[in-house]
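**Student:** These protein sequences, in sequence, are chains A and B.
When the letters of the first sequence are read in order and numbered with this note's numbering, they come out as residues 36 to 552.
When the letters of the second sequence are read in order and numbered with this note's numbering, they come out as residues 15 to 197.
Check the hints yourself; a few may be wrong.
[What the hints assert, rightly or not] Taking lysine-lysine pairs in the DSSO-like style, the calculated list, with each CA pair at most 27 Å apart, reads:
(1) A/K37 x B/K144
(2) A/K202 x B/K180
(3) A/K404 x B/K180
(4) B/K180 x A/K144
These are computed hints drawn from the structure, not numbers from a lab.
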Amino acid sequence: MKETAYFELFGRISDRHVAEAILPLAVPVPMPKKRFRETPVGKLVSSPAFIAAVGAIAAAAIAVGIGLSLVEGKQRGDRPGDPSFGSGETETLGEWGYDAEEHPHVERKNYDGEVELYYFSEIMGGGLAYLPDESIYAEAATLNAELIERIHMTEDYLGIRINAVDKMAEYGIIDDLVRISRSGDTRSHLVLGWGNTIANLGNREGVMTSWSDVPCIQKEADYWDGELWETCTQSRGSFIACNRFIPPNACAIAYNKELYAKCEVQRDLYALVENGDWTLDTMMAVLTETAGKKTKGLSIGDLYAANSYLYAAGFSILRPVNTSDGSSVEAVDPTEDEAMLARYAKVLELAVHSCTHKGGSHPKVEDGKLLMDTRRTRDLAANAYGVSMGVLPMPKYERAQSGYVSLHAGAYMGLFAQPDTVQMCGEAAELLAYFSRDSHESYDRAVMGVYGRDDGGVQKDLAMLRIIHDADHELGLIYPPMLAEFANCLVDPVTDLGEEAEQIRYRLRLIKEEYGW
Amino acid sequence: VQDQQIIDLYWARDEQAIAESDRAYGALCHSVAMNILSDRMDAEECVNDTWIRSWNAMPPERPANLRAFFCRITRNLSIDRYRARHKTKSRGDGFEVALHELTECLPDPATVQDNDPLPALLDEFLDSLKPIPRKLLVGRYWHAYSVSRLAEAYGMTPNHVTVTLKRLREALRAYLTERGYRL
């Protein structure tokens, strides 16, 4: 057991580090206690007769005095996940200690129960809105603290505990939702998952609650995002709770600045964006010119990865619509609209060119093996990739398009509920959003800031991030496209390239022949 | 009883020192041993041995951090016991995984002399980390807490803890490599 010697070696760190990392022996999992005013003493001191007898000021003083003694001096930091957990701060608090202001549409309750927040580990990268997250973002500690505070405030407000339950895999969530729905399980469940999976479940399986049917949800309030909500409303209802944390998580096109400079293409990409000239055609032209330089022998297919996000450039193709007969239709069929079909063909063409990479591991922009790919803006803002990355919005279809549109692939920042427990879930979701209204500024600042860059291009990068952030946002991508066979060809174009590229070319040819292109 | 009073009891050769130590830190030391040994009886014996070892150490020692002092003794005793128990076959449990992970980011102990600056560099590296990553690293590789225990404590998912630890090991490896260690 030579490894034990390594353990002994690490054992030589100083006592201060050792002591700091000691965890409490038993992790307390406190159940919600009755609020002070619901205890016999609380009822007494808050009764009109009592107040009349001793006067409002005296009553308040007694209530505070007794209240403090009843709550056993609960310490901040006693709960796992609390940012000051284990710190031993001795601030005396009641319940979790948050005397949150009243929500105008949600009454205080004491459900004395639990809400399970289902998620699966893979979405942790999208944390900091509903799940604490050790993060690359400079303000992660602040965001985590704010997040935990609003969870505690919600717990206090409703007399619940919100338990995060890791289902480990997305299919775990799906299985559970179907099981819960069929079994009539009346416990409360919120679900944090990939938007496409959940939306499709809501649409096809009928296991989800439509937020439209939940009266306490204040869709028009500024802590929700009403416009986004509209874009992903399906004929069966609205299943995705669209909040203000979504925009900073938009997709963007990342490009390797160093590699682009080596290509010696005389086009200022940022200027193209600012002038409104960043279109599908322009993008194709840039890639063609770049490939023409034969930098390091790279072809155009080696320079751009059109992964599944790119066909999202067909956002309006995928926009969900309601049909007159009420049947479930998630997207417009582009073959019914020539303009859309033309756009779709362009996207396909771009994808075809991206499918020429042959074998080997997936090339990456950050490795200098790929010029462009799609990435989340928040990761670009945080410079998570260790190289100088340029940031571009998704290209317009045509120059005439009024503005850029930012796309989302997963929309994992949404919350979802299952039918039987809609009341409690609705209230918890509404309160979590309501208490987040003062956090959006710091959230945006954290994920939109550009850290650790020294290439002099920070301000320009920031300007691009701002364009993406402030653009219209589109969640339509989360729905299955009508032309799913095309999408499937694009999902993973760089793994089995020869065959898939041929498939795409074949389908593109069919479209062109059928519609005269 | 405050730490200082416990230390004074040891220095006064008062056997009450052991009772007070056990009362104040017995459970903590037991958890340290359990993290490594996963055996209640063995852990119990390590804790008892901890008081004996402390009795022999104080005086002359007067630890500045009694909690860490006891934990360190228990940890060393537990490693010895673990080593004795697992001479022949591997256990394949969480602790063994932690041991193996450590080999990725530390130099071969046989090459580290007593006067080697490595411990100071480890402290320096830990000081450079944010609090939670630092506690995760020390929690996992000093206290041998399981990944799930750390996840629960810090409100993270087990997967997230695992990924974070991996990054930290990589960072530590790079840190030591830059300073001339061969890993």
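**Student:** Starting from the hint list further up, note which numbers the structure goes against and sort them upward.
**Tutor:** 1 and 4
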